[in-house]
Each structure stands twice: as C-alpha cells, then as structure tokens.
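Student: Chain by chain, the residues:
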Amino acid sequence: MNTWIQMIFYFGTLLILTRPLGTYMAKVYQGERLILDLVLGPVERFLYRLSGIDPRSEMTWKTYAVAMLLFNIIGLIAVYLLQRLQGFLPLNPQGLGAVSPDSAWNTAVSFATNTNWQGYGGEMTMSYLTQMLGMTVQNFVSAATGMAVMLALIRGITRHTTKKIGNFWVDMTRSVLYILLPLSLVLAMALVSQGVVQTFSEYQTATSLQSGETQLIAVGPAASQVAIKQLGTNGGGFFNVNSSHPLENPTPFSNFFQMLSILLIPAALCYTYGKMVGDTRQGWALLAVMTIVLVALLGVAIWSEQNGNPMFNEMGIDQVQSATNPGGNMEGKEVRFGIVNSSLWATVTTAASNGSVNSMHDSFMPLGGLVPMWMIQLGEIIYGGVGSGLYGMLAFVIIAVFVSGLMVGRTPEYLGKKIEAYEMKMASIIILIPVMVVLIGTAVALMSEAGRTTIFNPSAHGFSEVLYAFSSAGNNNGSAFAGLGANTPFYNIALGIAMLIARYWLAIPVLAIAGSLANKKKIPASAGTLPTHTPLFIVWVIGVIIIVGALSFLPALALGPIVEHLMIFG
Amino acid sequence: MKAQLRPAITLLALLTIITGAVYPLTVTGLAQLLFPQQANGSLIVIDGKAYGSELIGQQFDDPKYFWGRPSAAGYNATASSGSNYGPMNPTLEEVVQARIEALQAADPNNPLSIPVDLVTASASGLDPHISVAAALYQVSRVATASGLGEAEVTSLVEQYTEGRQLGIFGEPRVNVLLLNLALDGIQ
Chain A
1 MNTWIQMIFY FGTLLILTRP LGTYMAKVYQ GERLILDLVL GPVERFLYRL SGIDPRSEMT
61 WKTYAVAMLL FNIIGLIAVY LLQRLQGFLP LNPQGLGAVS PDSAWNTAVS FATNTNWQGY
121 GGEMTMSYLT QMLGMTVQNF VSAATGMAVM LALIRGITRH TTKKIGNFWV DMTRSVLYIL
181 LPLSLVLAMA LVSQGVVQTF SEYQTATSLQ SGETQLIAVG PAASQVAIKQ LGTNGGGFFN
241 VNSSHPLENP TPFSNFFQML SILLIPAALC YTYGKMVGDT RQGWALLAVM TIVLVALLGV
301 AIWSEQNGNP MFNEMGIDQV QSATNPGGNM EGKEVRFGIV NSSLWATVTT AASNGSVNSM
361 HDSFMPLGGL VPMWMIQLGE IIYGGVGSGL YGMLAFVIIA VFVSGLMVGR TPEYLGKKIE
421 AYEMKMASII ILIPVMVVLI GTAVALMSEA GRTTIFNPSA HGFSEVLYAF SSAGNNNGSA
481 FAGLGANTPF YNIALGIAML IARYWLAIPV LAIAGSLANK KKIPASAGTL PTHTPLFIVW
541 VIGVIIIVGA LSFLPALALG PIVEHLMIFG
Chain B
1 MKAQLRPAIT LLALLTIITG AVYPLTVTGL AQLLFPQQAN GSLIVIDGKA YGSELIGQQF
61 DDPKYFWGRP SAAGYNATAS SGSNYGPMNP TLEEVVQARI EALQAADPNN PLSIPVDLVT
121 ASASGLDPHI SVAAALYQVS RVATASGLGE AEVTSLVEQY TEGRQLGIFG EPRVNVLLLN
181 LALDGIQ
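Residue numbers (our numbering), protein chains in the order written: chain A, 1 to 570; chain B, 1 to 187.
Read the hints as simulated data drawn from the structure, not as lab findings. None of the values given here were measured: they were computed from a predicted structure. Accuracy of the hints is not assured; some may be wrong.
Far from chain B, some chain A residues (derived; all Cβ distances over 12 Å) [claimed, not checked]:
hint, residue
1, I5
2, P101
3, S526
Among the chain A residues that face chain B by a calculated CB cut under 8 Å, a handful are [claimed, not checked]:
hint, residue
4, L50
5, I74
6, L133
7, V186
8, A188
9, F253
10, N307
11, M311
12, E334
13, F337
14, S359
15, V403
16, S404
17, P458
18, S459
Virtual Cβ for every residue (Gly too), placed ideally from N, Cα, C.
Given the sequences, and given the hints that come with them, work out the whole structure.
Tutor: In structure tokens:
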C-alpha cells in the first residue's frame with residue numbers, strides 16, 4: 001500500500017511541476033521579461049560584453065555546432081588540467097595528489113559529455129577545488145549544452161526558409177543563469193537542511209563508540225554539487241558511492257527531492273517544447289510516451305527486488321515485506337530507502353541520463369538489473385538527459401513518422417515540415433551510433449585480456465558488468481555495475497572514447513536536422529496529415545522504440561541478465 | 001571557427017567563476033548560517049566529545065551493543081563502498097552464511113528468523129540504520145549481554161525508531177549509533 005502512495009506522490013508531484021516550469025523555460029528561451037531579469041539581466045549582459053558576444057546575431061547550424069564543440073573541448077581540457085595539477089593548487093586540505101593521466105582523461109570526457117561516469121572514488125581522489133571548478137562547472141555547462149542543442153532543434157521545427165537556428169552562447173548562458181542556477185540554489189539548501197554536508201573544513205574526527213578509536217569522516221562542499229548533479233542529469237557524485245552515501249543523501253526527503261530533480265527538467269522541457277511549437281499537445285504526447293515506458297519498467301524492477309533472492313530463503317533469512325521489515329533483496333541497498341525507493345531511483349536515474357545511484361545496481365536481482373540496463377540502451381530518451389533526452393526522442397518520432405508515412409503511401413511530415421531522406425539519414429545515425437558503440441565496445445572488451453581481468457562477479461553476471469559499462473558510456477548515463485574494475489587504462493580510454501562518440505556524434509546530426517528543417521517551407525496540415533498528438537501516435541512511437549531497443553539488445557541481454565535469471569529461477 | 005574561440009574561452013572562464021566559485025560559496029555561506037549542524041556532518045557532540053556522526057554508521061560486534069548493517073567498507077567513513085556481489089555470487093552466499101552464524105552464536109536461543117538487512121551489506125558501507133525488525137531481533141542478546149532488562153531494551157528500541165517521513169516517505173528504521181549511545185546511558 002505504502003509503495004503505491006510513494007509512487008503516486010512521486011509522479012503526481014512531477015506532473016504538477018511540469019507545466020509551471022515548462023512555461024517558465026519557454027519564457028526564458030523566447031526572451032520574455034522575467035522577474036529574475038532584475039538580478040540576472042545585468043550579469044547576462046556583462047558576460048556577453050566581456051566575451052565579445054552579440055546576443056542578437058544568430059548562427060547557421062554549422063557555426064552553432066562549431067561553437068558547441070569548441071566550448072566543450074576547452075572545458076574538457078580545463079578539467080583534465082585541474083586534476084593533473086590539483087596537488088599544487090589550493091583548497092586541497094587532504095593533500096590529494098595528481099590524478100593519473102588515463103583516469104583524468106576519462107573523468108574530463110565524462111563530465112564534459114554530461115555522462116559523469118566515475119572511474120574514481122570522489123573522497124579519495126578529487127580535491128575540493130577540482131570538485132568545484134571542474135566537476136560542478138561542467139555539471140552546469142554540459143547540461144546547458146544539451147538544452148541549447150534541443151533549443152536549436154525546436155527553432156529548426158518552428159522556423160521556415162531560414163538558415164539561422166539561434167545563438168549557442170545565448171542559449172547556453174540563459175540555460176545556466178535563469179534555469180539551472182536558481183533551481184540548484186533552492187535544491188542545495190533543501191538538501192543541506194536534511195543533512196547533506198556543505199563545508200570547506202578538513203575531514204571531521206570523532207571517537208568511535210565501541211572501539212574508542214579515532215574515526216575520520218569525509219565531508220566537503222557536497223550539497224552544491226549534488227543539487228546540480230541531479231538537476232542537470234549529470235549524476236557524478238561527491239562521494240564514491242554517490243547518493244547512497246548518508247552525507248550525500250541522508251533522509252527519505254533528500255531522496256525524494258533528488259529523484260524529483262532528476263526528471264524535473266526533462267519532463268518540463270516537453271511542455272516547453274509544446275509551447276514553443278505552438279501546440280502543447282505535442283509535448284504532452286511525448287511526455288506520455290516517456291511515462292508509459294517508465295512506469296512499465298519500474299513495475300518490473302520493484303517486483304523483482306521485492307521478491308528478493310531465493311538463496312536467502314533457503315538460508316532461513318526473513319525477506320518478506322512487513323511493517324517492520326523492508327524485506328526483499330537488501331544487498332547493496334540502504335535501510336532508509338528500502339526496496340521501493342531504491343528500485344524507483346534505479347529506474348529513474350537510467351531513464352534520464354543521470355546515472356547517480358542510491359543503491360548498488362550490481363547487486364540487483366537479474367531482472368531488477370536488466371531494467372536500468374535496458375533503460376539506458378533504449379538511448380536515454382525516456383525523459384533522458386536535459387535537452388538530449390528530448391532530441392533523442394524526436395529522432396525516434398522522425399523514424400515513426402517516416403515509417404507510418406511509408407505504410408500509407410504519403411509523404412511523411414512532422415509539424416508542417418516534410419521529413420525527407422536527409423532527416424531520415426541523420427535520425428538513423430542518431431539511433432544507430434550508440435547501438436554500435438555499446439555492442440562493439442562490449443565485444444572488444446570481452447575479447448581482450450585487459451577487458452576481462454577486472455570483471456568482478458563470475459559467470460553471466462560478469463558479462464552484464466561489461467555490457468552495462470559500455471551501455472552507460474555509450475549513452476552518456478554514468479551509472480555502473482560497479483563491481484567492474486573500471487579505473488584501468490583500458491577501460492578509462494575505451495569508455496572515454498565511447499562517451500565522446502555518444503555525445504557529439506548525436507548532437508551534430510541533431511543540429512544538422514535543425515538546420516535542414518529550418519531551411520524548409522512550412523506546409524499546411526491537410527486531411528492526409530498524420531496527427532502526432534493522438535493516443536494512436538503515442539502507442540506507435542512506443543512500438544518503434546521498443547522494437548528498435550529490443551532488436552538491438554535482446555541477444556546481448558540474453559547472455560547476461562536473462563540467462564542469469566533462468567539460472568536462479570529456471 | 002576563430003570567431004568562436006574568444007567567446008568559448010572567456011565564457012567558460014566567467015561561468016567557472018559563477019558556477020564554480022560564487023555558487024558553491026553562496027551555498028556554503030547560507031548553509032553555515034542556517035543549518036550549521038547539518039552542513040558540518042551532523043556530529044553527535046556530548047560534553048565536548050564527538051562520538052561520531054548521526055548519519056554515519058559505526059562498527060559494532062560486541063554482544064552488548066546493537067549491530068548495524070554489514071559493511072563492505074569496514075565502516076571507513078573516508079572510503080565508502082558497497083560489496084557489488086551479484087545475486088548468484090558464491091562469495092555472497094559464504095559471507096551471508098558467516099554473518100548468520102555469528103548472529104546465532106551470539107544468541108543461540110533466539111527463536112526469531114533473521115531479517116534480511118542484518119546479513120546483507122549496505123550500499124554505502126556506512127548505513128547508520130537497521131530495520132525495526134533487525135533491532136527487535138537483537139533485543140534478547142543485547143538485554144542479556146548488557147544486563148539491562150528486555151523490557152527496558154525494547155522500550156529504547158521503540159524510542160529510537162524513526163517512522164516514515166510525514167508517514168509516507170522512505171522506510172521505518174532505527175539509528176544504531178544513537179540507540180547504542182542510549183544503552184550506554186550517554187544520551
């Protein structure tokens with residue numbers, strides 16, 4: 001019963017917030033007057049002036065792409081250098097030394113691409129300065145990059161016969177200043193009130209009760225980073241175990257706030273999208289597609305984890321859910337979250353390209369672990385990353401529109417734009433590239449000694465660890481079956497490459513579609529136009545997503561979680 | 001390309017100042033002002049002595065104390081970690097079996113079955129809580145070893161049981177360190 005109440009509260013709150021935030025973001029992006037202008041307007045203009053940006057001049061899609069790439073490359077280099085030089089830099093009370101070159105490369109790519117895969121343990125590796133100037137900054141700007149690319153695509157759809165799709169600098173800056181910063185500030189304070197640490201002092205010391213020995217407790221400026229890690233669907237934790245750490249996620253409230261912020265902006269962006277294309281039903285339809293898939297898979301995860309591990313039953317352990325016992329498979333889970341909030345988080349964090357965790361996915365039951373893995377493999381479009389989720393979803397919509405057009409023998413169109421060979425090619429690239437990265441990467445790792453030696457769990461589960469790692473990197477999620485020893489030169493380099501390809505080889509074709517659509521004429525809707533907001537279309541898009549996702553990954557999943565499930569229950 | 005280089009570098013530098021320095025410093029300032037106890041790690045300080053953090057579990061294996069979740073990190077609060085054992089991993093079976101035996105050896109006549117959270121490792125290795133069932137399971141052992149009566153220990157467990165937040169969120173639980181401090185009469 002309580003399970004249902006917690007679910008209803010979660011999705012209810014999310015949907016209630018979708019419209020007001022979505023409306024607000026539409027205002028931000030359409031340059032309407034806002035109350036925050038009073039404070040942020042001067043800051044924004046100052047940034048443009050100092051950077052030599054003319055906010056009124058717009059870019060072609062190619063210039064937009066160049067600006068986006070340049071900005072990301074420079075950010076990547078900055079994070080790399082910070083890690084390599086942190087030993088000589090201030091705000092390093094624990095005296096942590098330079099991060100190894102391969103790990104620093106991996107982390108720099110990881111944060112620039114909004115993946116936030118973590119090959120390192122936060123509290124043992126990164127100085128406060130690196131966490132702030134490197135991680136926190138990239139959390140903001142990588143999220144804003146995704147939102148900017150999304151915005152360019154919206155303009156491509158709404159404009160006609162023009163080559164201009166907006167100004168990357170303006171889109172990025174406004175995303176940071178007007179959306180991400182204010183929300184993060186509010187969330188960070190809410191988290192501190194629950195017990196998330198926020199201090200620059202050294203690690204705390206205390207005397208352990210039983211042993212009388214001195215206990216050292218890692219602290220740091222965590223709340224500010226945790227807030228943006230969730231809101232920006234980044235996911236990189238301050239501490240090694242991410243949001244399962246009691247000082248990063250201390251209470252059920254902090255857990256609720258964090259889970260809510262994971263899906264908040266991706267959900268609201270659907271409304272923003274509908275608003276900006278002049279038909280909010282279009283946004284609601286996409287949100288419906290996302291939510292239906294999410295809820296279905298969530299059910300599988302909760303059911304699988306709550307039923308627990310048959311091995312525990314044989315050993316006489318009580319894992320039946322009751323008023324005093326959360327029950328279920330509690331290995332790798334925290335008591336304050338129990339089964340429900342651990343399963344919900346695992347599903348939500350992989351639906352969005354967030355990747356933060358509040359439980360150890362590696363210790364999930366086979367089907368419980370299949371859910372997050374498959375969520376990632378669907379391409380991070382079920383809500384997805386901020387901006388990137390929606391543009392990925394729109395690639396699927398283009399495919400769906402195209403296929404349905406072929407079926408009835410009409411020229412496919414979407415929101416008044418003809419979908420032609422060029423858009424289809426780009427959409428296919430967007431969908432196929434992650435699939436290739438994941439499957440080829442997994443195959444290479446399994447065929448090489450370097451890839452196999454750091455597998456932690458034996459048998460089919462070990463295969464799942466590698467498949468999960470490349471799925472996560474190849475779709476910019478960042479969560480892991482963390483048993484896999486991924487902080488090795490092989491994985492640092494290979495996963496780094498996977499993350500780079502997955503981010504930019506998707507963003508560039510998206511911008512290409514934006515440029516191509518912007519250049520087209522607008523055609524009025526006719527009786528032959530397929531409406532794209534109806535239940536029929538929602539079901540159709542879900543079908544396309546499931547078929548593509550299933551066909552691409554079912555063989556691989558069969559070798560991992562599915563065979564493991566059969567070994568346990570078969 | 002060249003035209004975009006200056007905005008790229010300058011804007012990154014400026015946004016680094018805003019989001020990487022101004023923002024975390026603002027949050028730190030507000031946090032230290034409004035929630036100093038929470039922002040610094042929720043330490044339990046009694047008569048000038050810090051006994052630990054309310055939110056960070058500690059190692060307990062003395063029969064007179066309540067035991068917390070098994071920890072893959074050895075309760076090292078500078079190196080959080082889960083076990084990452086898969087559900088079929090033979091090592092998982094071994095370590096769980098060993099934990100069952102340790103619990104039974106410390107309290108051979110306990111008729112209750114062992115709640116799952118008491119023999120499985122937490123996600124963080126620092127979980128400060130156990131389930132209410134896991135606390136109640138240990139009452140007989142703690143009562144015997146500490147010399148306090150079962151009724152007294154049970155009432156302490158009830159006193160330190162936290163319900164769901166607002167009656168809805170999360171799971172009911174018992175904070176092990178706080179409960180053990182109470183057993184020692186420190187709190």
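Student: Holds or violated: the hint that A/N307 contacts chain B, with Cβ atoms closer than 8 Å.
Tutor: Since chain B brings no Cβ nearer than about 11 Å to A/N307, farther than 8 Å, the hint is violated.
Student: Take the shortest C-beta to C-beta distance between A/S404 and chain B; is it under 8 Å?
Tutor: 39 Å, violated
Student: Restraint: A/P458 near chain B, CB-CB cut 8 Å. Satisfied or not?
Tutor: 7 Å, holds
Student: Go through the hint on A/E334 and say holds or violated, using the shortest Cβ distance to chain B against 8 Å.
Tutor: With Cβ-Cβ at 5 Å, under 8 Å, it holds.
Student: Hey, is A/S526 genuinely clear of chain B, shortest beta carbon separation above 12 Å?
Tutor: 41 Å, holds
Student: Measuring from the C-beta of A/V403 to each C-beta in chain B, is the shortest one below 8 Å?
Tutor: 38 Å, violated
Student: Regarding the hint that A/I74 lies at the interface with chain B, is the smallest CB-CB distance below 8 Å?
Tutor: A/I74 check passes; min Cβ-Cβ to chain B is 5 Å, inside 8 Å.
Student: For the restraint on A/V186, tell me whether the closest CB of chain B is nearer than 8 Å.
Tutor: For A/V186, the interface hint is violated, since the closest Cβ of chain B sits about 10 Å away, which is over 8 Å.
Student: Given a cut of 8 Å on the nearest C-beta pair, is the interface hint for A/F253 held or broken against chain B?
Tutor: 5 Å, holds
Student: Quick check on A/S459 please, does its C-beta sit within 8 Å of some C-beta on chain B?
Tutor: Hint holds; A/S459 Cβ to chain B Cβ min 7 Å, cut 8 Å.
Student: Holds or violated: is there a CB of chain B closer than 8 Å to the CB of A/S359?
Tutor: 5 Å, holds
Student: Going by Cβ atoms only, is A/A188 closer than 8 Å to chain B?
Tutor: 5 Å, holds
In terms of the numbered hints stated before, the structure departs from hints 1, 7, 10, 15, 16, listed from lowest to highest.
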